[in-house]
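**Student:** Protein chains in written order, with my numbering: chain F, 4 to 245; chain R, 25 to 356.
Source of the hints: derived by calculation from the structure; they are not laboratory data.
Everything hinted at is true.
Subject to a maximum C-alpha distance of 35 angstroms in a straight line, what follows is the list of computed DSBU-like cross-link-like pairs (lysine-lysine):
(1) F:K93 - R:K232
(2) R:K269 - R:K232
(3) R:K269 - R:K71
(4) F:K93 - R:K71
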Amino acid sequence: MNLVYVRYEVLRTIRNRRFLIFSLVFPLILFLTVAGAHRHATVDGIGFPLYYMTGMAAWGAMTSVISSGARIAQERSDGWSRQLRITPLKTSTYFAAKILTGYMMGIFSIVVLALAGTLLGVRLGATGWLTMLGLLLVGLIPFAVMGIMLGHLITVDSLGPAIGGITAIFALLGGVFGPLVTSGALLTVVKGLPSYWLVQAGKSAVEGGHVWTAEAWIVIAVWSLVLARIAVRVYRRDTAKV
Amino acid sequence: MDHVQNATERARDQVETLRSPKVIRVTTSERTGIRLTNLTKSYGVVKAVRGIDLTINPGETLALLGPNGAGKTTTIDMMLGLIRPDAGSVSLFGSTPTEAVDAGVISGMLQTGSLPHYLSVRELVTMMASLYPHPLQVDDVLRHTGILEFADRPTTKLSGGQTQRVRMAIALVADPEMLILDEPTAALDVEGRRDFWESIRGVAARGKTIIFATHYLEEADAYADRVVLMARGRIVADGPPTEIKARVGGRTIRATLPGVEVAALEALTGVASAEQRGEGFVIKCTDANSSDSALRALLTQYPQARDIEVRGAGLEEAFLDLTGDETEGTSS
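Only chain R is shown next, with the shape it has when bound in the complex (with noise of 0.2 angstroms):
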C-alpha cells in the first residue's frame, strides 16, 4: 500500500491544524490513516472477530461486506471505542478510539437506537452540533440530508426513513475527519438510499475517510472505492469493487467439454476464469452481462457442451467459497 500523500491532503492537514487546535497531534508523518492490528473479540465461545488488520487510508470509501454474524458490527463498535478489543489495537489517525472520538474527529450512525423525545429534528441536531469543536451549519446539513422540510416535527413522530435521515445529520454535522456507518441504509426504501449515497458521496468528495458496513454488494460496489469483505471474523477479501464484485457477484458456468483445453475457454469473450474438473470445467464470469457473453459463445464454438449449469452465487454462498475449507470453530 503506498501512504505518499499527495499535495492536496498535506494542503488539507494544514488547514485542520489551523481550524482546531485539538488535531494539531495528528500531524502528516502520523496522518497513517486507520490502523487495525491483530483486532481479536470473542463473545464467550463465539469468536466474533478473529484477528483482523487492515490499514486505510485518508480519504478512502471503504465498504466492510458480509453477511450477517460476519463480525462488522463488533468490528465497527471497536473502532468507535464502544467496546474493548480482546487483543490487538485501533489507530485512528496516530490516536486511540476514545481521543479520536473526545477530540470529535470521528464520528459514527449505528446500527441501532431511536432519537431522544421533546426535541424537534432541528433542535436535536442543534444540540448534537454543539458536542463538537468544528461543526457545520445546522441548516447546510438539514438541507443536504433531505430532513429541512420535516426539521420542526417532533423526533417521536417520524417514520423509519426520516429517523435515519436524522441520525445520518447527527452524524454529519460533527463535519469529521471519518465517518463509521453500520448498515447506514437498513431502513431505506429505494428512493432514501439514492439521496443517502448522494450525501455521503459529497462528504467523500470533501476528502473524509468514510467506512460503512452492509450486506448488499451493490452498495458496496457502487459506492465504495475499496471492499474489504468479511466472514466469520476474519478478512477474506480486500480490494478494489470491480474485483470482489468477480469474486463474489459472479456467475459460475459448468459443463461438460470433452477435448477442450483450459486456455481456450479463458479467451472466451465474458470469462474471467477457468478450471478443469476431469471433463469438466468450471467457468467463472464476474456477472450476469458476461456470463450471458460467455454462454453464447460457448454453444457456437463447442455445440459438443453438455450438463450445462449457470449459477448466480448468493453473497452468502460466495463467502463460504472464499472462505474455502474452513469449518466452523478452527482458529488458526
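Only chain F is shown next, with the shape it has when bound in the complex (with noise of 0.2 angstroms):
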C-alpha cells in the first residue's frame, strides 16, 4: 500500500465539498431536526433518538463509500484512469484507496452523528458503541462494493442522481428514516437489504448482538460477493485492450 497515495486520495476527498454535505451534513440536519423533535418517542423497541442516529449514521457513511468509488467515473471521463493505467499503481491499490477514503469518510459521519446523539441523550456503554460502530462497518461492504461497480459503470452526468436515487431507495426500504414494514411477506424481502442490516446495528447497540443473526452475516456476504462479480466484470469491460 502506498500512502502517499493514499493521503492525496484522502485529500482530494476532504475538499470535495459536495461530498460532505452529502454525507455528513444532510444526515446530520435530519437528525438534528426530527429526533431533536422526538426525543422521549421509542420506535421498534428502541428509543427514537438511537434508531434515528445509528439511520442517519448509516446514511451518511453508505453515502460516503458508494461515491468514493464512483468518483471512478469522474477520472474514467478525465482520461485520468488512463493516464494512472501507464504508472506502476497496482489496481488493488486504486481500489483499496477509493474504498479506505470512502470508509475514512464514512468513519467521520458515524463519528459525528455518534456525537450528535450523545447531544440529544443517547447513551450507550462502550461495549455497546463498539458494537453498532464494527457492525456499521460490515455493513458498509456491499455499498463500498457497489461504488467500485458504479464507477465503470455509469457516466459523470449521471453520477449524482444515480448515487442519490440508490442511496434513498436502499435507506428508504431498510428502514432508515423508521421501520417501513415490521411484519408479513413484505418484511423478508426487506431483509435481504443490507441496508436493513445497517439499521439493525444501532438495535444491537442496545439490545445486544442477537439482533445481528446468522441472516445478517449471510445477506451482507452475499451482496458483497455478487456485487464484486459484477464490479469485476464491468471493469474488465471498461479497461479492455482493445
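Could you fit the two chains together into a complex? Lean on the hints.
**Tutor:** Now the structure itself:
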C-alpha cells in the first residue's frame, strides 16, 4: 500500500464540499431536527434518537462509501484512469485507496452522528458503541463494492442522480428513516437488503448481538460477493485492451 | 543497425541495476532497446496500423512523424500497453509493455486527458512520484518544467499550456528509461514549445530514450536523432532528420528544358535530385534555400527554361507522394 498516494486520495475527498454535504451535513441536519422533535419517543423497541442516529449514520456512511468508488467515473471521463494505467500503480491499490477513503469519510459521519446522538440523550456503554460501529462497518462492505461497480458502469452526467437515487431507495426500504414494514412477506424481502442490517447494527447496541443474526452475515456476504463479481466484470469491460 | 553499446551505456546499465532491483532483468545483452515486430491493429474495417517493424536503440530520440490518421497514437498506445495489438508484438528493453509500465521503466504523456481535481500542482506531482521506484526530486522537476511559480495553484485553475507542462512533469518525475510523448506540444504556444523541448533535451542528454509523435516536420527535424515517417498505418521512411526533411520538406522545381542532360541539372547548386520526363524535368531540392539557389543557377545557365513551377510539398502531400501508387484499402 502506497501511503502517499492514499493520503492525497483522502485529501482530494475532504476538499470536495459536495461530498461532505451529502455524506455529513444532510444526515446531521435531518437527525437534529427529526430526532430532536421526538426525543422521548420509542420505535421498534428502542429509543427514537438511537434508532434515528444509527439510521442517519448508516445513510451518511453509505453515501460516503458509494460516492468514493463512484468517483472513478469522473476519472475515467477525464482520461485520468488512462494516465494511471501507464504508471506502476496497481489496480488493487487504486481500488483499496477508494474504499479506504470512503470508509474514513464514513467513520467521520458515524462519529459526528454519535456526538449529535449524545447531545440528544443517547447513552450507550463502550461495548454498545463499539458493537454499533463494528457492525456498521461490516454492513457498509456491499456499498463500498457497489461504488466501485458504479464507477465503471455509469457516466459522469448520471453520477449524482444515480448515487442519490440508490442511497435513498436503500435507506428508505431498509428503514433508515423509520421502519417501513415490521411484519409479513414484505419484511422478508426487506431483510434481504444490506441497508436493513445497517439499522439493526444500532439496535444491537442496546439489545445485544442476537439482533445481528446469521441471516445478517449471509445477506452482507451475498451482496458483497455478487456486487464484486459484477464490479470485476464491468471493470474488465471498461479497461479491455481493444 | 549497429547494436554495439559503448562504455558509457554499459556503465549506465550497471548504475541502474544498483539503483533499482527491478531493472536487473534488463541485462546488457538483453538491452536491445525497443523492438516492434509486425505490429498490427485494426478498428473494424479501418486498418490503423498495418504491420510495423521498428528497432529503437537505447538513448535515441525518435520522432514518429505523420499526418492525422497515420497510426501514430495507436502505435504509441500499443507500446504503452493501453491497447492490445491484433498481431505482432512490442518489446521494451526485453519486457512486455505491461511489465515495463509496472517496473516504472517507461512513462508517457498521452494526447488527451485532464488533471484530477482538488489537488495543487505540487501535490499531484508528489502523488505521481510516489508511484515510481526511483523518482526525481519533485521540486527539481517543477523547476525544470517551469511550473514552480504556479505549483501551489489547484489543478483546475490552470491554462491549457500550464496543464500541458504539469502533464509533462508527471511523465518526467518518474525518471523513466523511456519517455513516450504523444503530440506533446499540441496545446503550447511558441515559447512553451521552446521551453518544452529544452527540458526534453535535458532528459535526452542523460541517455534516456525518447519517442514522440508529431505532425510538425520542424519539430521532428530540430529535436530528433531519427525520424520515422508514418502514413496510413505504415512506416514509409526511416532515417536521420536531414534525410527525411529532404524527402518531405523539400521543394520541387518543374521546368521544360529542351536539350539538357539530367546529370548537368544534378550538378547545379542546391539540387538534390533530378529526373527527366520527356522534355520536362522534375528537380528536387531539400528546402527553400536550396531551391532558391537552384532556381538562380538554372536560369543563369539555361535561359531557355520555360514553364517553370516551384512547389513546396506539404507534409500531407509529401506523405502521399511517398506512399506512391498505393491506394486505400489494398494491404499487401
